[in-house]
Each structure stands twice: as C-alpha cells, then as structure tokens.
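Place chain V on chain L using the hints.
If you read the sequences in order, they're chains L and V.
When the letters of the first sequence are read in order and numbered with our numbering, they come out as residues 1 to 757.
When the letters of the second sequence are read in order and numbered with our numbering, they come out as residues 1 to 158.
Don't read these hints as lab results, they were simulated from the structure.
Accuracy of the hints is not assured; some may be wrong.
Said to hold, decoys possible - When the alpha-carbon atoms are kept at most 20 Å apart in a straight line, the in silico SDA-like pairs for lysine to any residue are as follows:
(1) V:K3 with L:E121
(2) L:K548 with L:K558
(3) L:K668 with L:R171
(4) V:K85 with L:T24
(5) V:K117 with V:E73
(6) V:K118 with L:S686
(7) V:K3 with L:G66
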Amino acid sequence: MNLVTNNKWIGQRTIRPDGMDKVTGRAQFAADTTMPGMIWGKVLRSPHPHARIRSINTAKAEALPGVKAVVTSKDIVDFPIEKGAVMLGIQDMRWMCRNVMARDKALFPGHPVAAVAATTEAIAAEACKLIEVDYEVLPWSIEIDDALKPDAAILHEFNKFDGKPSNIAGRLEHKKGDIAEGFKKADVIIERTFTTRPVHQGYIEPHACLISVAPDGKTTIWSSSQGQFMVRAMTSMLTGIPQSDIRAIPAEIGGGFGGKTIVYLEPLATLLAKKSGRPVKMVMTREEVMRATGPTSGSKSTVKIGATKDGKITAAHGTFYLQAGAFPGSPIRGAAGCSFTPYDIPNLLSEGFDVCSNRSKVAAYRAPGAPIGAYAVECVLDEVAERLKMDPLDFRLKNAAREGTKAAHGPVFPRIGYVETVEAAKASPHYAAPLGDGQGKLRGRGVASGFWFNAGGESSAQVNITEDGNVVVTTGHPDIGGSRAGIANICAELLGIDYRRVSVIIGDTQTVGFSNLTGGSRVLFASSMVVTQSTEKIIQTLRERAAKIWEIDPEAVKWEDGAAHPVSPNAGQFEPLTLQQLAEKAPAMGGPIGAGVQLNTQGADGGFGTHVCDVEIDVDLGIARVIRYTAVQDVGRAIHPGYVEGQLQGGVAQGIGWALNEEYIYTKEGKVDNPGFLDYRMPVCSDLPMLDCIMVEIPNPKHPQGVKGVGEVPLVPVMAAVANAIYNALGKRFYALPMSPPKVLEVLEAPTQQAAE
Amino acid sequence: MAKVHVTTTINGEPMEFLCEPSDTMLDALRGTLNLTGSKEGCASGDCGACSITLDDRLVCSCLMLAVESEGHEIRTIEGMAQGDKLHPLQQKFLEMAALQCGICTSGMLVASDALLKKNPDPSEEEVRFWLAGNLCRCTGYDKIVRAVMETAAEMRAQ
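Chain L extracted, bound-state conformation:
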C-alpha cells in the first residue's frame, strides 16, 4: 500500500473550493438559473390515493392565453410492464415512467397526471385547474398491515406473491447456519416487534430544473440532482431523445441524502420545452416535495436474538417489512443486509419484504434501509445485554465482527474497524462521565452500532495543468457535502503544491466521462482514485519533460515538493524544475500537460460506527431531549476532517429527528397531513446539543489514500441509541418511532406496562 504519510494537505482543514461562492450567495443552485425566453412549468397532481384514470381532457387548459404546452402520460415513453424490467442502475424504468406521470392509475395523492408550461407560473397553475380528469376512485391502503390484508386493494395486479396478486413486490433473505439449532443453544432469547414511520430526506432545496430543447433536439438541462449522468440517462429514456443530444449540467445541489437520485421534473420539463419551443423552468413547492418525492420507508420489523449466559450470540432472526410506496423498490437489502453485520452470528436468518401501498414512491435516504433494521436489532441487543447483566458495549465487543468474519450478506471481512469504534466509544470521555443531575428531569444513556456497505463504481476525472502552472481537476460527481475540498487536498498533496492552486470543477455530461451518482458513500472513494491515477500520469509526464531538458533518464528524476529533482547527485547536478516552469515550457516540450482516467472503482470497504447518546426527559411534557451525543466511526482516512465530522454530525441530527419527531401523518382520506416544515418537525438548532465526533482511522488498504465512505454510517445507529437512552432513563421501552411527546406521555402514564406490550 502506497499510503501518503506526513502530509501537508491530506488531513488538513483547508477551505473548500466552492466555499466563497456559497458564503456570498453567488453559488448557482438549480432554481437560480434563468434563460432568455424562459417559461414556467407546473404539475397537476392526483388528489386521490388510488384511482383509475378514465380520461384526461386538456382542451380548456390549452386554450388559456399564455399556455404554451400541455403534456400527459401519452407524451412519455412507455415501458410496458409485461415486457419485464428495464433497469437503469437500481431503478426499473417501468416504474420510473409511471412515477413521473401516472398512466392508467393514480397511485398516491400527489401523483402527477399532467403538466403545463405557460408564460408565468400563475398562468401555468391556473391552467392545471382547467384540466379535466375523470377518475374512478379505488380502495386504497397506506399502512403495511392494511396493504397485506387478504382483501387489500392491489396496486399492481400483475404482481404475484405466493402465486396470488399481492402488494408484496419482493423478498430477499440472507442466511447462515441453522437458526433453530442456534436458538436451542441460547440461554436468553428475546423477540420484539418494532415499527417506524416514513421520514423525508428533508433537503432544504426543493427539486428544480431549467431545460432548453433546440429545434434540432439538442437539449440542455440545468438541474439539482445527485447525478447529472443519471439525469441524462433517465430523461433520454423517458423522452426518446438520444443521450448524445442531452447535456445535463449539474447545478449546485442543496442537499439530497439519496432523495435526488431519481428524476421527477426533468422529463416533464424536457417534453414541455420540446412542445413549446421555449426553455422551461420547473420548481417544486415544499408541499410538492413532501407529497410526491422521497421519503424513505416506514417499516414493521421483528427481531429475535438468542445468547448464552456468557454473552455469546448463538442465533438471530430478523424479518423486515418495508414500505415501497406506490412502486416496488424499498431498501430491504439495506435493512436485511446491514443490521446484523457488526456481529459475528453463527446462525442467522435475515429476511426483507418489499410492500407496495398508496404512498409516494420511496427514494434512497442515507444508508437506505440500514437505520430501520439497526433500530430493531440494536434495541433487542440492548435488552439481551441487560438480561445478561452485561455492559452493552462489552456485549457488542464479545460478539463483534472482525477480520475473517463471514457477513450474512456474503463477504468475508478484510481488516475492518468495528472493534475499534466500540473500544473508542468505551474509552470516550462521554462514556466515562456520570449522567449528572437532571434537576427533576430523568436522564439516561444508550449506545448502538451500525454498518453500511459503502460503494465504488464508475468515476471519471480529467486533470489539466494550466499554462501558468496551476491545476484544474474535473470530476463527474455533484458535490453535496464537500467532496471538492477532499479532492483538492489529495491533488495538492500528490503534486506537492499549495491546495489553493488546485481548482476542482464538477463537469457536465458532455465534458467529463461517465460518473455514477453521488450516493452510497462512494464519491470521495471513487473520485479520489481516478484523480490520483490522473495526477500520477501527470507526474510521470513532468518527470519525462524534466529528464528531456536535463538530458538524463526519466527514472533519474523524482517529483517532490512541486518540482522535478534529480533522484541523487549521481543523476547530475540540476536546479529543480517547478510545476510552473515546466508548464511554461510545455508548448516547446511536448505540448499541453493533462491526463484523464475512467474506472469502475472496486474495493470500497464497509463502514462501522458506534454511538453514545444521553437524553433528558421532561416527565410533565413528555419531551425527550438529546443532551450529549458522541458518534464514533471508522472513517478509513479523513482527507478533510472538517467535512468528515460534518457528515457524522449531519447524520446524527437527522437520526435524532427520525427518533424523536419526524413522521408522515395521514388524514383519513389517505393524504399527507403535514406537508410543510412547520408540521413535519425536523430538528432545529435549539433542539440539539453540540455533536461530538471520534474519527477512528483504519485505512482502506485497497484505496491509495485509505479512504472509506463516511456519509451513510452516521445515520444508522442513531434511532437505536436514542431509544436505548430513553429506556435507560424511564425503564420503559418504545417499540415504535417517533418517540414524540404525546407518545412519551402515553408510556409514562401507563405505569406498570411496558410500551406496546
């Protein structure tokens, strides 16, 4: 392993390349973009949770002065269900074409049924009201239990489970050993059932795009997404415009967390632009975001764990039912595949069921599925540890996965850092500190661990040396949380120059090679690999150029501190040639200096974290507050510690929201009742304490800088850590999220019973 040590820039808290634009308001997000001749698009959405669309009449809308185009599902490329899956990444285009615009049936309130482009936003909205849709309202179900009833309305008749039409769209299992045998050996067995509610990714920037389609079909898209190449491909597939005619330009993205890994507006705006001959801008309202994008699944999980008296887990069984929303595709792989992974469990069965119901189609949300599974597993582990009278961290250490452990989802672990996270949590000042006096409020402490797969995949980079000897790096992944800062650190380190001489650009689809989504905790892992290889090629070129000038062998030239040097006095006595000097000589010495690399990157190691949480509960009001939090994570290598901590802190804050307040609430008509930030209660600044981070660095041996993905793990253990802390404070356990004040009061007022028992 060629790990860079004694770094100048790797590991430093440098100022991010895009920072200045963002603190001055100059940064261009999708909704900030305008174009000459631009008009506005709006979407008409179904008011019903489930309805057959008998007909749509758009004549009145089209006749309204100012209206330039109307589109319905007839304008969108159909991927017929009976012809089988058409996959793009993990998305099936059969669902995608129906999710962007309802075809035969509207499947959730908010499901688009038509779109209009007009000279103003107000006229477009007015025109939507003039579209006549003849609906045949159908029975519907929102909750998992309702969707699974024998007489439940079936969303997709073609979908069969156990030979019958069903709302169960899929099942997967991970299996190891024999659980019946394993449970026989156990002295303690605990089985519990948990539910969670759907929660939204909650990015502050609503979805937005501006799209121009020239008469020759050349299409330019400015949009907010986690992948401009995904936008290009999906828009191409849904509109029939070839990918080579679509230039997708990534705007700055105002948060995504997985929720911007699919398209909602782009195909509609493209078709409206094509029909009208005018550039079309579309921006969702917050209500549209809440009704028709994301969220992640609600769930119902049953977890059974057995252990011997001395604290060894002998068997575990997890059953995870996850809501997919209107179309198949809930993250059962994350729930069933991640939740038991921190542990070496000889006998294991972990099953996931994908359940459709009349909610908006779920989208990825930070370690999709894994936090849901971890909530159930880590709460049961807490109960087992308590029953065994073991410290919960000692119990985890005793059963921890290590190098050589075979994970349920397949791999045999290489050197991993899970044990180190538990040990660091145990040794932390937080874990050692007394809980202190709550002055009438009850205090408790909880711990939990979590795992996420992490990912590699396709990435492209181009590194060019400017004529004045500076560096421009172009990669193809939108920067959500500071990846440009990490890339600048790495490139500067390798070249031995000041990081401020490296400019990092996110290329559009027509200027940089294919790069997959920003998601899965993969971007810095993948992009730094291709940036490293590109930079190494440049260094090779620079050595060759210096060798030519000095008339010595290239092998006799080394690159150090931003300049070519002879490897030793034997090679000759020459003054160093700096990057700037070599760049200036480039026209006469072989031409421009640049290199690009495209790879399907491999070797992303999974990530582990262990969290410690203190809560304080106001027993009169039922309000649980997190008063201290420490997130420990094996981050591989912190290339920019500030932004790694930021990932940890951000994930924890989202998890605290999920644990304590956030949920989709529905009316009895099957419509989301809290589609705004006031009622969908995300944590605000005064809800949270400072969030402490301990970064354990066990470098990934398969990465040039030792990088492991860090963005998803921090959300995985949080709900369980908070739940375990609340149990510790109250002596009563919650089996349902969120643990919001009315529910806490309910439990407090049921003195002898455990919640949900």
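Frame of chain L; chain V shown alone:
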C-alpha cells in the same frame, strides 16, 4: 393587474422595481432584481433560507410583500461582504467548515449577523434559539454554532 412601482434601498443602493401586489419580497429579489442569494426552501417562513433584514430587523423575505419594502432599507447576503473583503462571519464559516451543501448558508449568515449586531456576546443557548428559525439539514448545526460564537469572540476582541 397593474404592477406596482416600488422605491427602496437594497444593500445600501437605491433601487426601483415593478412588482405584482401579491409578490413576496423573495419573488422580487430573486426574480426582478436577480439577487438569487436568498433561497426559497418552504415559502412559509419555516426554513429561514430567505432571511434578509428590513431596517435591521431579521425577516423571512417569503413572508413579506415586495411592496412593503417601499421607503425601507433591505439587506441581503449579497450585501454582506464589503467588496472583496468578507464579513468575519463569512470568513469563519469557510474556515470552520460551517456549511455543507450551502443552501441554508445565506440565510444562516444573514441571521447570525443580525444576532451579533443585537447581542455581540451571545451564549450558546442564545445562538441556538436565535438560529432556530434557520433549518440546516446537513451540518447538525454544531459547526455553525461554533463559527458564530468564535466570530463573536473575535469581533469583541477587536
């Protein structure tokens, strides 16, 4: 509907613009005036991404009508740096990584500036309650609170 003529001051400069009577100040800033630093996250005053000051009072520009700026003084994120010199809060946000995606950053900075003008020595709790109207989904607020406190300390020392 006839448009309304509005005469106001924005970031110290006299401005005139036309707007619909129903336009919000945020509509006018982002649309007519092309000052897109203020962001729309909710249009209901819950996220603070569109924070501006009206005569030094912190407001959500999505909750204020554009016509209400007549004769008043508006300040937006675009007026925070003096030429190429950043405001100490902007500098500190950069140095301390107090932004991730950056969509809430304009509003956070405007709100933090308004706080420090009112209270140059806020406690952590005061910072947290003052910024409770500005949602951030990326950072967990930790680095933002630290950056505001540290800026306040440095500004007091000067």
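Those earlier numbered hints the structure runs against, lowest number first: When the structure is compared with the hints, only number 3 turns out to be violated.
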